[in-house]
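Letter by letter, the chains look like this.
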Amino acid sequence: MYGLGVLKGMWVTLVHFVQTFVDDIKWAGKRYYTPEGIAHRSSKDTKGIFTVQYPEEKLPMPEEFRFIPFLLQDEDERGNLHDRCTSCGICAKVCPPQCIWIVRTEDPVTKRPVPEPVEFFIDVDICMNCGYCAEYCPFDAIKMDHDYELATFDRHVENIYNKAKLSKPVSYYASIRPTNYAREEAVRAAEAAKKAEAAAARAAPAAPAQ
Amino acid sequence: MTEQAPVAPAPAAEPTELEKRFPGAVKRDTRPGYEGHIVEAGKLREVATAIRDEMGYDYLSSLTAVDYFSDAPNANNFLEVAYHLFKSTGGGSLVYKVQVPRDKAVVPSLIDIYPGADFQEREAWDLYGVNFEGHPDLRRILMWEGFSGHPMRKDWKEPYYEEELKPFKNRWPEGQVYRIEDHNPFGKNVKYPAGFDPEGFKESADPALYESLERAARQYSEDIDTEQVVVNLGPQHPSTHGVFRMAVRLDGETIVALKPVMGYLHRNHEQIGERNTWIMNMPFTDRLDYLSSMSNNFGYALAVEKLMGEKAAPPERAQYIRVIMAELTRISNHLWAIGFLLNDLGAFFTPALYAITERELILDIFEATTGSRMMCNYFRFGGVARDFPAGILGKIKGLVSERLPRKIDELDLYLTQNELVRSRGEGVGVVTPEEAIAYSTAGPVLRASGVPYDIRRADPYSIYDRFDFDVAVRYHGDVYDRYMIRLDEMRQSLRILEQAVKQIPDGEIMTGKNPYQVRVPAGESYGRVEGPKGELGYYIVSTGKANPYRYHVRAPSFINLTILEKMCVGSKVADAVVNLGSIDIVLGEVDR
Numbered sequence: 001m002y003g004l005g006v007l008k009g010m011w012v013t014l015v016h017f018v019q020t021f022v023d024d025i026k027w028a029g030k031r032y033y034t035p036e037g038i039a040h041r042s043s044k045d046t047k048g049i050f051t052v053q054y055p056e057e058k059l060p061m062p063e064e065f066r067f068i069p070f071l072l073q074d075e076d077e078r079g080n081l082h083d084r085c086t087s088c089g090i091c092a093k094v095c096p097p098q099c100i101w102i103v104r105t106e107d108p109v110t111k112r113p114v115p116e117p118v119e120f121f122i123d124v125d126i127c128m129n130c131g132y133c134a135e136y137c138p139f140d141a142i143k144m145d146h147d148y149e150l151a152t153f154d155r156h157v158e159n160i161y162n163k164a165k166l167s168k169p170v171s172y173y174a175s176i177r178p179t180n181y182a183r184e185e186a187v188r189a190a191e192a193a194k195k196a197e198a199a200a201a202r203a204a205p206a207a208p209a210q
Numbered sequence: 001m002t003e004q005a006p007v008a009p010a011p012a013a014e015p016t017e018l019e020k021r022f023p024g025a026v027k028r029d030t031r032p033g034y035e036g037h038i039v040e041a042g043k044l045r046e047v048a049t050a051i052r053d054e055m056g057y058d059y060l061s062s063l064t065a066v067d068y069f070s071d072a073p074n075a076n077n078f079l080e081v082a083y084h085l086f087k088s089t090g091g092g093s094l095v096y097k098v099q100v101p102r103d104k105a106v107v108p109s110l111i112d113i114y115p116g117a118d119f120q121e122r123e124a125w126d127l128y129g130v131n132f133e134g135h136p137d138l139r140r141i142l143m144w145e146g147f148s149g150h151p152m153r154k155d156w157k158e159p160y161y162e163e164e165l166k167p168f169k170n171r172w173p174e175g176q177v178y179r180i181e182d183h184n185p186f187g188k189n190v191k192y193p194a195g196f197d198p199e200g201f202k203e204s205a206d207p208a209l210y211e212s213l214e215r216a217a218r219q220y221s222e223d224i225d226t227e228q229v230v231v232n233l234g235p236q237h238p239s240t241h242g243v244f245r246m247a248v249r250l251d252g253e254t255i256v257a258l259k260p261v262m263g264y265l266h267r268n269h270e271q272i273g274e275r276n277t278w279i280m281n282m283p284f285t286d287r288l289d290y291l292s293s294m295s296n297n298f299g300y301a302l303a304v305e306k307l308m309g310e311k312a313a314p315p316e317r318a319q320y321i322r323v324i325m326a327e328l329t330r331i332s333n334h335l336w337a338i339g340f341l342l343n344d345l346g347a348f349f350t351p352a353l354y355a356i357t358e359r360e361l362i363l364d365i366f367e368a369t370t371g372s373r374m375m376c377n378y379f380r381f382g383g384v385a386r387d388f389p390a391g392i393l394g395k396i397k398g399l400v401s402e403r404l405p406r407k408i409d410e411l412d413l414y415l416t417q418n419e420l421v422r423s424r425g426e427g428v429g430v431v432t433p434e435e436a437i438a439y440s441t442a443g444p445v446l447r448a449s450g451v452p453y454d455i456r457r458a459d460p461y462s463i464y465d466r467f468d469f470d471v472a473v474r475y476h477g478d479v480y481d482r483y484m485i486r487l488d489e490m491r492q493s494l495r496i497l498e499q500a501v502k503q504i505p506d507g508e509i510m511t512g513k514n515p516y517q518v519r520v521p522a523g524e525s526y527g528r529v530e531g532p533k534g535e536l537g538y539y540i541v542s543t544g545k546a547n548p549y550r551y552h553v554r555a556p557s558f559i560n561l562t563i564l565e566k567m568c569v570g571s572k573v574a575d576a577v578v579n580l581g582s583i584d585i586v587l588g589e590v591d592r
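Protein chains in written order, with my numbering: chain A, 1 to 210; chain B, 1 to 592.
Okay, chain B solo, but in the shape it has when bound (with noise of 0.2 Å):
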């Protein structure tokens, strides 16, 4: 591990910075293994306030809830909101948490502070039922509308429920096989509501989504009376990517109020790692962003070792395989990016297979090394899996020095300068470099408005500080600076790899034993690297048991959506389709 907990435990009779400013408010987090402050509810907006325009923590990286639960009589149970924030210019992160009853879970939204808290509030009351007092429109967000309960929340138990902890009891040493469904049919074990008859129930069609976009569409004033009409675009249509989908309320053509609708492939990908022991939930990162599963294997693996320390440090050669593996990762997601923007603005598949073709040479190497081409499941606590096999190194060369670089310079001639490019995409959905952090995006999206912040270089993890290679930025932040960002970054990641295929050393791929189930100590870390579409972040609780008490991962694509109502709020409905395509999200990632 190259990368230290920033913020170090001071002795502990002398009061921090925070506490001398708000005595009283803000307590040192005294737990072992964690970092950071506890704020009182009621002082959270001033403390908040304070830390952004005094301390200069711009960026609120990631918001989250944990549900310290236990059963057991007189537990101290309580929700814990935890904030990591950064500073745009770089440096580690500051970290603070609100503490309230689970009965009573009332909490001050930042949403006015940090515009970028939006999402992620929403998504703490959706799983866990922490009421941001202030938040306008604080709806369920992953699960639907109706719903009931708080399914992150630990005593709330899934359909198909089997036990509380991996690995079940019952596969081993008797292990008569049975299909869950067989055993626990679905229907048996539905916990209906009070006061809820099934026989009776309408379908409601989302009441409170079409209020909220009447409320937000009320903003906006026309000098002629017009009719407005709602358009939903999704969820299942050719320009969402997948099962997304954009309520969108136009005043003829022009957009007047614009909601994402996600969660339709919600599966509680962060109560399944909490089921899971710590290195199950290496494949389940595969599932989160599909098309770069090596970047969320990393991001995961850093998390877990920063807790363990110094003896799951990975050896040298594991480092630059993480690294190579990492940057061939972002170069075929770009290409994939790329070549399904040009989708979105209307070019039939010319170019979206002219970059996968180079996207698959890709994915072979991947295949060879780690057996899959997607599902990669490479990256274990303290190296990789395996290495290299015979060749493969070679290959990796030829592709890196030979072809990858002139089959970008050939997409970079086939489309940058194209008219229909460039009508279609200057000035479109335009992100001003302070609306890009306020509303916490990040990756290329943060990068082509103007702010040069890449976690590689802003706050380093792994080798990459050993690299010579250009923070890619744009200034125009519209959508043609947001396809630009993504060559300019597959040169930079060129530019890592060539030097990292010349650098690797031999030796070791692997610190220790590679044990089936690894001890992580108590304690909390937040893991990021730089994943192709953003902060990949992963946020870890460990009671030194064998499964994570909490496993959250901050989705670049969920948070980047933030801002997507901004972005196309007064543009034509045509331009929302290119927006979306400029965040590049996946499903498997906002969703979870």
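Only chain A is shown next, with the shape it has when bound in the complex (with noise of 0.2 Å):
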């Protein structure tokens, strides 16, 4: 029969269209503006309305999700903040678009180089958040952040981001990303467990000698 795969097609159309009403009901006002609502909408087993409503609503970030890098804080026991960064330059070798600079400087005693950078820079306007310099940081001292709405009204100066700008503590980090943190905490304790142990037998031998 000539139209009948209209009527097919227009039968499915009919079926999205009384699911919406159905699976509001059911949900009973809960659908919507809720945690749950929000993850049964984005679960295999959605039907009905699939949009979600931001900005009233958002969607959960995942723990991998990256936006524009961050630097990551110590905080030591006297409450200073100390960055984990060592301007070692592998984030702004690895960078693809070249948006990353560093300035290192030397001690002015020693002329050895001080491990924390005086100026860190990313510009934000050319960062193509790939995450490499999270990647291969050997320090875990820059990560991929989850604020991604970032608009300003300048395209200038605001968007080159200092290391004042950049700088977040550790605790923020555990706090987006609690998974990775856990697991990189573990191989740093292991590493550090390692170093101590390596110390003292360094230092076990050594001391009848003297």
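Simulated from the structure, these hints should not be mistaken for laboratory data. Errors might be hidden in some of the hints.
Derived lysine to aspartate or glutamate pairs resembling EDC-like cross-links, with alpha carbons at most 20 Å apart [to be verified]: (1) A:K44 with B:D409; (2) A:K47 with B:E410; (3) B:K397 with A:E191; (4) B:K20 with B:D53; (5) B:K87 with B:D53; (6) A:K111 with B:E174; (7) A:K44 with B:D364; (8) B:K169 with B:E158.
The structure displayed is predicted, hence computed values, not measured ones.
Bring the two chains, given one by one in their own frames, into a single complex with the hints.
The structure is reproduced here in structure tokens:
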């Protein structure tokens, strides 16, 4: 019968149309603006309205989500913040669009490079969010952020982030990426223990000689 | 790597079949790491004809140029044109090259032997200045008419040129930030060609394009003398899927000639790639066909791993992850393609949105695994960047075994028997199998014309030889079959996925340490994958340094457009839009 194909297609749209109401009624008002509702709508069982009403509702970000790098700062016992960054420059060398600038200094007395960078710039206009800096940093000092709402009215100066703007405490990192944080901390702790052991081993035979 | 270099280097004394056939004109390419033969420019057409007709290499996959250039005195500078050919029945490649001097780069055109050489020769002319003698329409293709110079040549510098190679030296350790625009304002470093007066410059309205259009229209004859009109579809037109333009000459509503115009999104991707280090190119490949970044990563990783050899062979688990990601990408791409083909047919957005819903669920998986929905940057040389996070494999299983089959069936019920889709699609834009092969079309366009050529079967890479699936093929070669083939392919991808998620082993996801600078031995390689849009190939040349010497992308969307004019001539103007939609192009890849 000519037109049967069109009718079948219209049946599909009708089913979709009815499902929106059925699903809304089934969830009795909990389908929107609630975390369970949003999770349901992006699951494999979703039916009916699929759209998320941004900005009133926001999709939860998966842990791996990456957007613009930031620098990690450790806090010591007295509450002072120290950069984890050692200005080794690997991030600047691996950055595909070359948007990282690092200023390293020397100690005026010993003439050896000071680990913590004097300045650290990222031109976020150029950054392509590839995540290489975070992936290849050997000190877990630079990580990708979750904050994606970065619109500004300025396109010249404000979007070059300096060290002050890039630095965030480690606790923030632990809050956005708990699994990665736990894994990396375990590795760091194991390495520190190994180092301490090696130092102790070196110190022990040396002690009788003194 | 399951794939070996197809042409094994024969013992030096033994001349190859080609050398015996053409003594003197064909020499083996003996440079270390290189394969194939070097053909005399004067004999090229004869050799190419013999290779096609006697040896059966009927499919010209890639044609590109390489600029071997050094500004050292007495350097041996030349341009090389590299041809990669395959048999449409499957198997490995046959490579030959032609070397010509840079200042007198004349190579005979192969357009009448392989019509698919058309756009690729124009590209090599545009970017490298290789003059293909006998090409009937050798115009610029990616750069605009009136552009001076050939931007892929090694001695060409772009505006805002900083340094020859990355990483740039001023980023560290004295990285005082500046914006490149402030440092090197546009205008200060612009070179004008001799005799050019910027004050008296008048914009020309693409005279060569319209002349070519008129030339093509002259072949068309009508009994009644009618007036033909030229219509430009695009570059700003919702049916062109981006900034793409079709200059069409119409007789009434019938298309007499059609010339695609592209390059509006051209950013000299290949030149950027040659400034980058090897690993830096990975996120740039995401931005080629931005709907299927995983496949782009895959092709590039394969090409580089081929050169790196055994030490970069990915472990089992990584191979499975790669296949899962590539097949999910294929499904998401085909959903998008079908949705937007229906848009082009006039079904305003309802089918597209139904399809995009499913695509979004796939992108959720990509986001959770790689960190980004579209710019995944996930593959590394010798593995993948990170393992699936907890729970993701279960999510993939749920989608693959429950939701997607049901939804693809629903799409099938929704559209396939629809009388409007059928009357707009059946018999429109027919491509015969012979034409499809000759014009180097790839992917769904080729297979919808009855050529069962799928690289996953014809020249298997990664672990595709382990899976049980059929090569989808349809026989009418029209728009409707190009729609149907995408449904078929999605179902085949689901079959592969079901096997892959069941078989995936535990273990490492990376061979070696994932260093930030990889060592790639000198040589050339051509890595290709069956991308969602067709054969995606990467031709790379390494000199053993930190940056690729040559990085060429064989973009399926770009080469599939070669046949667009053939598809459209003689049909109505409304069908041009549908034909374009059925090829499924992405301008990021066409223009590169």
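To see whether the hints hold, each was checked on the structure:
1. A:K44 with B:D409: Judged against 20 Å, a Cα distance of about 16 Å means the pair holds.
2. A:K47 with B:E410: Judged against 20 Å, a Cα distance of about 13 Å means the pair holds.
3. B:K397 with A:E191: Roughly 37 Å separates the two Cα atoms, so the pair is violated.
4. B:K20 with B:D53: Satisfied, since the Cα-Cα distance of roughly 17 Å is no more than 20 Å.
5. B:K87 with B:D53: Given that 20 Å is the threshold and the Cα spacing comes to 11 Å, the pair holds.
6. A:K111 with B:E174: holds (15 Å)
7. A:K44 with B:D364: holds (11 Å)
8. B:K169 with B:E158: holds (18 Å)
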